[in-house]
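Take a look at the letters that make up each chain.
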Amino acid sequence: MAEIKRYDNRLGVWGWLGGGRWGIERYAYILHRLTGLAILLYFLMHVVVTSLRATGQYLWVEGGFFHQPIFKFGEFLVFAAFAYHALNGIRLVLVELGFAVGKPIEPIYPYKTSLNVQRPLLIIMMILAAILLAAGGSEFLGLGK
Amino acid sequence: MRETKYWTWHMSAGVVILFLLGLHMLIMHVGGITHLFAPHTGEAISKENSLFRDSRMFFTVTYVLLLGVALYHGLYGLRTILFELTLKPAVEKAITFILLVAGLGLFGLGTWAAIATHAIAIAGGRG
Chain A
242 MAEIKRYDNR LGVWGWLGGG RWGIERYAYI LHRLTGLAIL LYFLMHVVVT
292 SLRATGQYLW VEGGFFHQPI FKFGEFLVFA AFAYHALNGI RLVLVELGFA
342 VGKPIEPIYP YKTSLNVQRP LLIIMMILAA ILLAAGGSEF LGLGK
Chain B
5 MRETKYWTWH MSAGVVILFL LGLHMLIMHV GGITHLFAPH TGEAISKENS
55 LFRDSRMFFT VTYVLLLGVA LYHGLYGLRT ILFELTLKPA VEKAITFILL
105 VAGLGLFGLG TWAAIATHAI AIAGGRG
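Protein chains in written order, with the working numbering: chain A, 242 to 386; chain B, 5 to 131.
Next comes chain B alone, as it looks inside the complex:
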């Protein structure tokens, strides 16, 4: 039952990612058509436009949310693929532990960066 619950979370995370990463892609990679959240001239990924988005609490919150669900979705997906090789229980435990540590580490790094950049952007972009 536990794995069924994790799998349901995996699918649910996919739906959340669909909206958040869809928005991210629209802003970053279809910006020439949409011009969403990129008021400064130049590319949507320019430093000025990045700082504009970082100054908005909406983006700080959604970056952290997207980071969390995407790490879970991706690393649980990788775990599922690896477990299909019918590994020994000790190897499965080691893989779960490594992916958990890697996921938490990257989540901590990304969350710190989102909050720190939000503070920098609000202070006037002295990054």
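Here chain A stands alone, though its shape is the one from the complex:
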């Protein structure tokens, strides 16, 4: 089996967070990772807390420890992170599989890049995320009851 050549990450931690001049899609990707890490942190705690229901402890119901406004707000942030991460994730999978980046063309001046071709997909996904966020926000504010 062929060995994969690995290159040093010269940028270190900045390589995680710095988008440079790569365009808004690169920053959307960085935010995708940040929201992913936030969701993971919440999820690991969520598994432990919800597992306690097997011992009869429902800490999230009315009167429970996690039924305070601060945790409700935290839940909304998790919902917002999920809405963004899910819809941007669809975009990333589509782009990774070669959709929405246009067909390969001869590099003839003025050059066209696939980065600009995929921009409408980003805009559509962000509009959908905003709609989902509004629906979730109305629920958290109690407007849906």
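Hints were generated in silico from the structure; no laboratory data involved. Don't take every hint at face value.
Examples of chain B residues lying across from chain A (beta carbon under 8 Å, computed) [claimed, not checked]:
#1 His14
#2 Gly18
#3 Val20
#4 Leu82
For each residue, glycine too, the CB sits at the ideal point set by N, CA and C.
Take the given structure of chain A and dock chain B to it, following the hints.
Chain B in isolation, oriented as in the chain A frame:
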């Protein structure tokens, strides 16, 4: 090739999560609009509504499935981010081992809770 396979699983897990967590979010956090699987009055996350869902085999199975794919997706994603720092092979192995143990431990805990709560809910909610 092995890492390519793991990455494909990571993306596939994301698609499964999209549907299962989407349903979870619709029930738990947009319940005021949808009123899905929450027949009792009050919040969708109330004890009565939680027990109603726990009594359904569909939810027990999907909870375990969602737990498995979400743990894989999240912990493999974290591993990918950490590995970008070009770590020493021994450190990479240690990280993989820690994430694997943590993932299996949480999967065991969550699976036990889903099955135990299903039994409690069927028996009449004597949790």
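Next item on the list: Identify every previously stated hint that the structure contradicts and give their numbers, smallest first.
Entry: 1, 3
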